[in-house]
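A.B. asks: Here is what each chain is made of, one letter per residue.
2 protein chains.
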Amino acid sequence: MKQKQTIGIIGVGLIGGSFALSLRKKDYSAHFIGWDFNEKESGIALKRGIIDEVVEWEFLCQKSDVIILAIPVTAIVQLLPKVLDLIPENTFVFDVGSTKESICKAVSHHPKRRQFVAAHPIAGTENSGPASAIDHLFEGKLNILCDTADSEKQFVDETKYLFKCIGMETIEMSSTEHDLQLAYVSHLPHVLAYMLAATVLHQEKNEQNILNLAGSGFESTVRLAKSSPDMWTPIFMENKTHVLTAINSYIGNLEVIKNHIEKEDIHQTFSLIEEANKIRRVFNKSEKILTPIN
Amino acid sequence: MKQKQTIGIIGVGLIGGSFALSLRKKDYSAHFIGWDFNEKESGIALKRGIIDEVVEWEFLCQKSDVIILAIPVTAIVQLLPKVLDLIPENTFVFDVGSTKESICKAVSHHPKRRQFVAAHPIAGTENSGPASAIDHLFEGKLNILCDTADSEKQFVDETKYLFKCIGMETIEMSSTEHDLQLAYVSHLPHVLAYMLAATVLHQEKNEQNILNLAGSGFESTVRLAKSSPDMWTPIFMENKTHVLTAINSYIGNLEVIKNHIEKEDIHQTFSLIEEANKIRRVFNKSEKILTPIN
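Chains as they are written, first to last, in the working numbering: chain A, 1 to 294; chain B, 1 to 294.
These aren't lab readings, by the way, just hints derived from the structure by calculation. Incorrect hints may appear among the rest.
[Claimed, not checked] Partial pick of chain A residues on the chain B-facing surface, computed with a CB cut under 7 Å:
(1) Lys26
(2) Pro189
(3) Thr221
(4) Leu254
[Unchecked claim] The calculated lysine-lysine pairs, modelled on DSS-like cross-linking and capped at a C-alpha distance of 30 Å, are:
(5) A/Lys278 / B/Lys40
(6) B/Lys40 / A/Lys240
(7) A/Lys240 / B/Lys258
Note that the Cβ used here is the ideal one computed from N, Cα and C, for glycine as well.
All chains should be built: construct the whole structure from the sequences, respecting the hints.
C.D. replies: Following this line, the structure appears as structure tokens:
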């Protein structure tokens, strides 16, 4: 009789924890073992029934059939080669980091590269830690796999299957393409929200005034500024080149509208806003159209 | 027997329309007459039962007991003096524009200045027009009155009462203070969202990709980019000085984080994000604390 599958989760925070809770919700039969840099957090994960057992990460590597790396991206870059060093030949590892290029590069020459699958489930909230983990975080969202030609097909399929189980469709692209695109639609918005919060907090020392005067528009624009520095500092570092390109192109655009306002150029300002309004079209599309995958 | 009050609404869009609908919902007894630059919109307002009658604006000025100016701010600056010219001595006018300084300045020497009350109910959505008007837009939100010493106390009280009827508390401040503060918590976020939309639409020609790759974070940050150029071009023009100051201070902050990322200064980037995280405190406060007014 085949033994129950063991799933090892390295990093039992919002993403790792929600992954386990989502599989459990679907009655996916597995023994979940977990490890976290922060012992308190693995304790919470155990107590919440996210994992069945807290173990050392080396033990986890040797005993798991599947390993999920759900730690900050710089930590993935550092730990992934060591994880691959330790795993048996039938085990595979996938990460869920928000950048992909430097992670793939870190193991490009590793003898067990084909046992690694680079994933990025596009889901999250501005909260973090196992206390924030929920069992429906991924439902209906999109997962991206990168550079799949470098992974064993069987492991790619098994990874897709796991994401399918928790309600996600998967599309594929190169890690370079991924990092460039995400720099604009995810990493840049985080930079902007952080700096909006910083600007407003610096200008307005009386926080009650911010609350009184700000409409819901401010709350929406600044929402991502609540996101954790533990997660986002590494993302900015690992995707440095594309993030800097995106920030520069954004500052260029700010200078454009600034000049129009300075010159009281009503016509140009109006046109610029009208162009920006086209973003409505994107969100008015009724649903995501997914590139078919096999 | 006292005749039914006549309320004249100049600009029957989202704000003017919602004001009338909100009063009607509270069974406020009045005859609502309206005028709009755009005949089609006044037609919609009539059809939706927002106003009882479409009239010419000059007639509206002569026949109303209360006049609400709910048009773009530059149009308020231009029309308000003419409205005051026409109104009888017991009539008062209040505007609901998002900037206050240039509006107050436009009538500072008008012989009927005391019949004008400068208001800014902080409510709105990214939609506009009478078709978007709703009867609970203002419920639980905050209204600001500016430079009230320049208005007749009786008219200030009556204005507050009308806002109270539609569910708003009122605070008071100077028009200068108002415009400075709003530049940071409202006008700047709009500039940022417009330019985020422009940057992403320019970078990513395939709009389907934006939808597929963007998490809810992008949608939240970019939401205000859907707002109408008819409303926002005038706001940027009327509050030019403060808006430019806010944009410049924001660009300065973007340069700071950019430099930290460029130098891969993990410690400084982390600190900056931690500082920005303090915005959580603002929104965690359970409710708005209102400055008591009489």
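A.B. asks: Checking one constraint from the list: CA of A/Lys278 to CA of B/Lys40, max 30 Å. Satisfied?
C.D. replies: Between A/Lys278 and B/Lys40 the Cα gap is close to 23 Å, so the pair holds against 30 Å.
A.B. asks: Close enough to count: is the Cβ of A/Lys26 nearer than 7 Å to one in chain B?
C.D. replies: At about 22 Å, which exceeds the 7 Å cut-off, the nearest Cβ of chain B leaves the hint on A/Lys26 violated.
A.B. asks: Against chain B, with CB atoms and a cut of 7 Å, does the hint on A/Pro189 hold up?
C.D. replies: This hint holds: A/Pro189 lies near chain B, its Cβ roughly 4 Å from the closest one there, short of 7 Å.
A.B. asks: Tell me if A/Leu254 is really an interface residue toward chain B, meaning its C-beta lies closer than 7 Å to one of theirs.
C.D. replies: Holds - the Cβ of A/Leu254 comes within 7 Å of chain B, reaching about 5 Å at its closest.
A.B. asks: Decide if the proposed pair is consistent with the structure: B/Lys40 and A/Lys240, CA atoms, cutoff 30 Å inclusive.
C.D. replies: violated, 51 Å
A.B. asks: Go through the hint on A/Thr221 and say holds or violated, using the shortest Cβ distance to chain B against 7 Å.
C.D. replies: Hint on A/Thr221: holds, closest Cβ of chain B at ~4 Å, below 7 Å.
A.B. asks: Can you confirm whether the C-alpha distance between A/Lys240 and B/Lys258 stays at or below 30 Å?
C.D. replies: holds, 9 Å
Violated hints for the displayed structure, listed by number in ascending order: 1, 6.
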